[in-house]
Amino acid sequence: MALLEVDDLTVQFYTEDGVVTAADELSFTVESGEKFGVVGESGAGKSVTALSLMRLIEEPGRITDGEIRFKGEDILSMSESEVRSIRGNEMAMIFQDAQTALNPVYTVGEQISEAVRHHLDYSEADARDRAVQLMDDVGIPEPDARYDDYPHQFSGGMQQRVVIATALSCDPDLLIADEPTTALDVTIEAKILDLIENLADEYDTAVQLITHDLGVIAEVCDRVMVMYAGKPVEKAPVDDLYYDPKHPYTVGLMSSIPRVGEQRDRLQTIPGTMPDLVELPSGCSFHPRCPFAEDACTRKEPPLVDHETGQAADGDTDQHVAACLEYTGDLVEGLDYQVDVDGADPNTGSATERGRDHGA
Amino acid sequence: MSTQRGRIRITGFDPTRVDERDPLSEWVEDGETEPESRWRRAWRRFRRNRSAMLGVAVVALLTLLAVFARPVELFGVTVQPIALTPFEPDTILYLTPEYANIGPYSPPSGTALLGTDGTGRDILSRLLYGGRYSLSIGFIVVFITAVIGIVYGSVSGYYGGLVDEVMMRVLDVIFAFPGLVLALVVVATLGGGYWQLVLAFTVFGWAGYARLIRGEILQVKQNEYVMAARALGARDRKVIFRHIVPNALAPVVVQASLSIGTVVIGVAALGFLGVGLDPTTAEWGTMLNAARSTLIQGPGATLPWWATVFPGVAIFLFVMAMNLIGDGINDALDAQDTTVTQGGGA
Amino acid sequence: MSLRRFIARRLLSVVPILVGVSLVTFGLANLAPGDAIDLLVSFNPNISPTEIAQIKARYNLDEPVWSRYFIWLTSAVQGDFGVVISSNQPVSNVIVSRLPPTVLLGFLGWLIALVIAIPAGIYAAVNKDQLGDDASRFLALSGISIPNFWLGLMLILIFAVWLNLFPVLSPQKPLLSPSMLWFLLLPGVTIGTAASATLMRIMRSSMAEELNKEYVTAARAKGLPERTVILKHVLRNSLISVTTVAAFLTANILAGSVVVETVFGWPGLGRELVRAVVGREINLIMAITLFTGLALIIANLLADIAYAVLDPRIRY
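Residue numbers (my numbering), protein chains in the order written: chain A, 1 to 360; chain B, 361 to 706; chain C, 707 to 1022.
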């Protein structure tokens, strides 16, 4: 049994302009100790997924369907107090903007300690000791002195470390990191990612890393899910995803990464923009932007299927699935792109294929 | 676990294929629809606000009643001939032959729907007519104070530096007083009367707008798009006024609509204290002044409650309506883009 | 240390405002041609020119304006605000005897406002856009729309005259005696109503704004009970913006006391001010106005200090 099993999660928002389906029948699993990445552009529904795992979705949003099984129990049918005993304790969250995630009127030490006091029933002195220890673990210098400082007295990177310390304070089994480095400088980003990775390894914590940055995913994650317009479009182990992407959107994302030494006049992008979730295109949501789209794509919404067999995902976590009509056999012309890998180690299996041609 | 990874190069994902082909479906990309002007959006939201529209209706009604209560004459020419109320505000009923039986402090009856006051005058007529004082002073004062305040605040914010410092100190001094106290001092020295009242409330009323506008200007000045515009060579003044006007107008409008109520209550308060308009005037607050002594009669005696209740109700109705409008404007302009209705379905 | 320096700096900035307050007070009060002498003469046409001259000399009424200002200011600083012309009593006596009732009334008004408005504001913000919120918003709006003198009259009508629960006139007893305190309830409620309505609206909007912020989600994500999130994390941040209107609220209460004291015959400074206005008693008017200004300056100062205490970002 996996640590986290999400089945057909659907989250909807009721707005003035209509119903927004931020997450549409999302299913994925996270095993203990593994690092699972969720990738997608802004507006794809990644943060909504994260918040719903802890049942933090507020009006006007609502979880309308699905199951979230954490250690075998469905979070969506738990009582409020049961969920609260999980939050911060067995499942914890790291936020994107540390500055706004911290309460400006309380000291950072207090904000770390209060979770410990609440969940683990520590005394004030013990909680303080633990908080200082955590601050040291995350690399905050002079933690004992800085315990009494306020958030605005820290730099952005340090603030994020405080947030991480808070998240790890009760030794959670699952850490949800919602774009933890987006607001930081690139150099700090590397350090924070290392920190998360090391701490997760040390404490055997599973991590769900949410980001729009493919580089971050490649660096840290074991398995990845790509989201588009609220739906999962591809799921695979990280190497498979990068060396053998199956969904046109993933292909588009990766081809947008500029390379040193490339002979190009213009930066490559995926044409168009992510659709407003109120009014999604018919059939496959990606078809208006997909170079390989055909008529079939406007009529039929592609299910998430194994790229070889065309059958629906069977729960095997190492399966490589994608939501494209190509893999259900509906496309006429097929996908016409090519993945070239230079300088890969010839002894590491599928990642070494050169010039794999995906023409029909 | 970390393998020797190679560099990945992808070819074949060609965006021009998307750009050049005909659209496959009817779906249109969002950026092509014209975003609604924020004023139109706010107006739509305001219209949907039922209590705000109720406020508009009440204010409109009271204004019409005040205007059409009795004929209006300008320079000898009858501009408005309609007389909604049966009696002149000064008519003493028991002095007229048909209504000799209706004395002072008569309870509400068929003739005098809201009763008569201490001098025998019809309260309903006086109420409708009296609206003219409250409403006109209210609107005039708010208009003048808004203009003064906007100019003052603009100058202070635009020039900044020492000028701003000094002007703000002056504002601090004004804010050190409750408005009513200053108004009282003014009528103490100048006596009561229509324009004295206008002056009394204008003296301090502009300060709020000045502070608002100055705040907006300072905020805009700091904004990066102002710096960007200046980097492109736009002149300070043009940039500031083009960007301030849409932003600053909103809180000013809200403030103005809420201020009208405050001024009306203030004028009525001065009238009630006996230092406003002439004691025989049909102004709502002044009417309550006369009624005050009736309460000291002690229990048992028939208290002419109508002389106390109705003028106050008039004030309350008008001010409440103005406040509903003010709140409605506030909500309409303030609301975020992701406004919501109550959750759909079970 | 920073807090102390902050307070010291604020105190210093008070001085020019005090000067300004005195200028405005004097300026407004001496705007007009008519003054107490004219009133005296109109009551007493037989007064002789010598008598007029004597009075003028005694009260320095012949000096130019700026000179009169300085005379007034210098004596005021020493506690001498002149004399009430009609009764020949020192103004300072009047102030001393009338100040405590006003302070008591204002205090009661504030108390009622806080006790009602803060829980109501929290409730409305937490239940935003639901029935409870709509109802309390409507009540609050009514509260600020009712003219306070009319509310006072209605309360007298209902509770003192019809229900006979309160005396209609103020008993002439010592300030803190039970009968006076009981009588104080109605005027206190009158003033407190408008104040609590204003405060509640601000509390609600401030809390609603805070509830949208990310640190609230983060606190919930820690698994803290909702009550802790609201009362520990959100409330303190909301109170910060409330303190900025504390001074405004005090101004409202002071202005309210002018009218309410008159309605109820409560022997405070507000009622004195109205009498002074009617009787054109310039000295008394100036003194009371000055004190009002002083009171508000103090209120502002206290509010700023409270802000600094609540919000560490100001201090460091």
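Errors might be hidden in some of the hints.
Residues from chain B shown here face chain A by an in silico Cβ test under 7 Å; the list is partial [stated by the list, open to error]:
1. I368
2. G372
3. D374
4. R377
5. E380
6. R430
7. L434
8. V511
9. S514
10. A589
11. R590
12. L592
Lysine to aspartate or glutamate pairs mimicking EDC-like chemistry, simulated, CA-CA at most 16 Å apart [claimed, not checked]:
13. C:K938 / A:E34
14. C:K919 / A:D97
15. C:K834 / A:E59
16. C:K919 / A:D306
17. C:K834 / A:E110
18. C:K919 / A:D17
Hints listed in this document are in silico derivations from the structure and should not be mistaken for laboratory results.
Yeah, the Cβ is synthetic: ideal placement off N, Cα and C, and Gly gets one too.
Should the interface hint for D374 of chain B be scored as holding, given a Cβ-Cβ cut-off of 7 Å against chain A?
This interface hint holds because 5 Å falls under the 7 Å limit.
Run the distance test for K919 of chain C versus D17 of chain A: straight-line Cα separation, threshold 16 Å.
violated (23 Å)
Does I368 of chain B pass the interface hint, meaning its C-beta sits closer than 7 Å to a C-beta of chain A?
holds (6 Å)
Tell me if the interface restraint on R430 of chain B is satisfied: Cβ within less than 7 Å of some Cβ in chain A.
Violated, because the Cβ-Cβ distance from R430 of chain B to chain A comes to roughly 47 Å (cut-off 7 Å).
Take the shortest C-beta to C-beta distance between L434 of chain B and chain A; is it under 7 Å?
violated (48 Å)
With a cut-off of 7 Å, does the beta carbon of S514 of chain B approach a beta carbon of chain A closely enough for the hint to hold?
violated (33 Å)
Does the closest beta carbon of chain A sit nearer than 7 Å to the beta carbon of V511 of chain B?
violated (37 Å)
Take the C-alpha atoms of K834 of chain C and E59 of chain A, compute the straight-line distance between them, and say whether it is at most 16 Å.
It holds: about 11 Å lies between the C-alpha atoms, which stays within 16 Å.
Holds or violated: is there a CB of chain A closer than 7 Å to the CB of E380 of chain B?
Hint on E380 of chain B: violated, closest Cβ of chain A at ~10 Å, above 7 Å.
L592 of chain B as an interface hint toward chain A, with CB separation required under 7 Å:
violated (24 Å)
Next pair to validate is K919 of chain C with D306 of chain A; report whether the Cα-Cα distance is within 16 Å.
Roughly 41 Å separates the two Cα atoms, so the pair is violated.
For the pair supplied as a hint, K919 of chain C and D97 of chain A, is the alpha-carbon distance within the 16 Å limit?
Given pair K919 of chain C, D97 of chain A holds - Cα atoms ~11 Å apart, limit 16 Å.
The structure does not agree with the numbered hints 5, 6, 7, 8, 9, 10, 11, 12, 13, 16, 17 and 18 stated previously, though it agrees with the rest.
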